[in-house]
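Note that the protein sequences, when read in sequence, are chains A and B. Using this note's numbering, read the first sequence as starting at 1 and increasing by one per residue. Using this note's numbering, read the second sequence as starting at 1001 and increasing by one per residue.
Some hints could be false.
Simulated pairs of lysine-lysine, DSSO-like, Cα-Cα distance not exceeding 27 Å [what the hints assert, rightly or not]:
| hint | chain 1 | residue 1 | chain 2 | residue 2 |
| --- | --- | --- | --- | --- |
| 1 | B | Lys-1099 | B | Lys-1072 |
| 2 | B | Lys-1072 | A | Lys-76 |
| 3 | A | Lys-76 | B | Lys-1371 |
Calculated from the structure, these hints are not laboratory results.
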Amino acid sequence: MSNFETVIGLEVHLQLSTKTKIFCSCANQYGCLPNTNVCPVCLGLPGALPVLNHQALLYGIKVGLALNAEINSFIKFDRKNYYYPDSPKGYQISQFDFPVAKNGFLKIKSGAQEKRIGITRAHLEEDAGKLVHDNSGSCSLVDFNRTGTPLIEIVTEPDIRSPQEAYDYLNTLKLTLQYLGVSDCDMEKGSLRCDANVSIRPMGQTTLGTKTELKNMNSFRAVKTALEYEVRRHEQVILAGGKIVQETLLWNDEKAVTITMRSKEQAHDYRYFPDPDLVPFTIDYKVIDGVRAELPELPQAKFLRFLSQHGLLEYDANILVADADMADFFEAALKEYPHAKKIANWLGGPVLMELNNRKMNIVELKLSPKDLITLIAKVEDGVVSNLVGKEVLTAMLDEGKSADEIIKEKGLAQVSDDAALLIIIDEVIAQNPSVVEQIKLGKPNAAGFLVGQAMKKSGGRANPKKLNELITRRISGA
Amino acid sequence: MSLHQLTAHALLDILKSRQATPREAYEAVLERIKAVDPKVKAYIHLAHQEPDFSRELLFPIPIAIKDNLCTKSEEITCASRILKGFKSPYDAGVIERVKKSGGAILGIVNMDEFAFGSSCETSCYGSTFNPWDLKCVPGGSSGGSAAAVAADETIWALGSDTGGSIRQPASFCGIVGLKPTYGRVSRYGLIAFASSLDQIGPLTKDVRDCALMMNIISGYDERDSTSVNEPVPDYTKALVNDVRGLKIGIPKEAFVDGLNPEVRRSVEEALNLLKKLGAVIKEVSLPHTPYAVATYYIVATAEASSNLARFDGVRFGLRVQPDKVRKNALLDMYEETRSKGFGDEAKRRIMLGTYALSSGYYDAYYLRGQKVRTLIKNDLDEVFKDCDVIMTPTSPTVSFKVGEKLSDPLSMYLSDIYTIPANLAGIPAISIPCGFSQSGLPIGMQLMGKAFDEEMLLRVSYTYEQNTEWHLKKPNL
């Protein structure tokens, strides 16, 4: 419909889950009482000095490698100078001209298409504190607990062509980062934050249009919605003969609109310069190779392997790979029970449902791969039906017991004993003479109805195969 | 001699032979402070906590601390209104070392505001006066430290040196002052002026004390990334009365117009004495040193403009909120606090530095400054290939009258013309007394050495000191 092309670039800030903060030895912890997780360094007290946390650097390298980027072996930090109450030193320690990683890319799937999104750079920096605004509006309070949390900022090239693509990129990026184990990627806790740059241009034009920067999106969904809004706004302005003003806008999720925060004229001069407190140094290539050697299998590779090695369908593989822990669980179970499809069905079905109901991760669940395959085996062996199997799973998770214990305690095992089943069958036959007649007339499908009735009477515990067998035998008079 | 007049090593001998106790020594110095500080005004305040004399420690020597070294539970202000009320919750690395050695902190001494100055006049507490002539400045920025040592208001003192702030006041006050190699002493807890130039060092009554203090404060500190993990020698072993065969470089650029003739004569006499004692004197050239002062005022102010950004009224020190809202409450608070909190010289340097780092000017100023800095360092490296030390005057003049240069910042900046190169190159340099002017004001000479070769500076200084008596002279107060 529209004759414009959308151009989007994203900046993702990711908190790295190192044990301690990036420049001091305070715990890197979320949820402490305000201003309790601080020290002279992260409070920016006079005389305090930063010391680089090596782990943060290694995590940065790891992210860079996973994004197929070049790693800068020359490590240098710079000061970004600006005033804000949540920035205790009046400058943020960041990386200006030597980001830890540059010139990378991430492959994403948008619809059926695969596409490469260029990664311009990824650099390390420290997080700021948090402002808490008093309800009365008379003052603001600052919590410095978050100050000094290690961040990596991942900046894309303007390669993204639609809000949907931006959404897909973010999901792929998040999954990749989760696989790396460098962050919990929790947007609600602010571990992952995203700003977007967007512009539009007439189809075919190669130069970029004037961009606006969007901030304050609290979910990937919000990023998409905000971009959709902003693209529409750009189109309307341009079609009405107006010009887009380069500015930074805040997304208001409730009202679903963008609001001007500052214009280009008000943009800061950050006066970047090398931080003299942190001496630049060169890292050995062995260190980079060491990180490379420890890189986990990334989601895309795992997906392809699940197809080829385990013969899974794309649908099943997608569900498993979407959660690194789930994928690990799957492979652990597979080692002891070589039926990939069955395990995948259980994980993608009943287990996933339990996870959603309980709002839990598979690691938090009271369920080991061994527990699950014991249960699957019970179903496959006919000890319990598929339906009862799901009930057993729920009870296992509620009570933390094994499948055997649950089945035994609740008497859920299938009844396969002829004598017991015949009592029920005789009752059903007596109650449904017309159905019996039909069977006798050669409509064997009608037996299914009797099986169902008998199953009901058994409270779902009767072995359906056995029921079918016995009913047929009984009616044929054998 | 009274206890307060002693050097640290002489006092240690007396303490060891039990002729006096550490407490007696401490109290004797406090008495002296009471008697003469109303005239000298070296101290900002005395320590709130009395030292712990219960344990027998190696160096229970009374010491004065410059107002920019964080000392737990003391008010530390960099002599600035903006830090009024800031009680440090922690000890700087050097303060920890001093306390561990038994050091008995007397109090906090005056300085130029944020160490911006060469006269101790920019302090928000007012001037400190030179014990040799109370109408004159003690030099700066460690003017309080130098005046307190010279007036026997302490046995020794700690100062900091960014462009000469230990050496110039040491020379103005007739004492010994050493700026160690960059990275030799931890900067953790030193309130930064220019992080790539700052270094903490001793101000003492003689060279032996300087070596002793270096033994206490030197060493690696993992909390300071710029501190260097280099073994610390016993500096007293360097105190050898022998300069035979040592090569002393004399930069021809140092003895030019603007150098006070009395200073020139004293330094030349010192040179002749060292020559007589067997040193080899060699004229050398440091062609880029004429650019040192300009380079320094770009690099140092740029770093300072950023280092001083944390004094914003949000977390500690002064906060001023104007009655009426002008822009918005936050901006108003920042502007008002910093306008009222900083003195003129601090504002001047923050503005210079902010300009030098501004987008569009960075390459022309800061980056170029760093390049010239490398050239100056290369000059020095070249000379040290063939020389053991380089000798110059410490300052082109003797002390001047209070108020004389305050309104002329450029002439004040030239006070550091000889001392700045050592900071830019990160090398150690010492100032020792080498004479007096006709008006009775002390003259100092400076020796610069190779990085981490403080021992060579101490050896040459010690030899000179053993053969002269300047360091024994005391002002009349």
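Hint by hint, here is what the structure shows:
| no. | hint | result |
| --- | --- | --- |
| 1 | B:Lys-1099 / B:Lys-1072 | holds (11 Å) |
| 2 | B:Lys-1072 / A:Lys-76 | violated (32 Å) |
| 3 | A:Lys-76 / B:Lys-1371 | holds (18 Å) |
Violated hint for the displayed structure: number 2, the only one.
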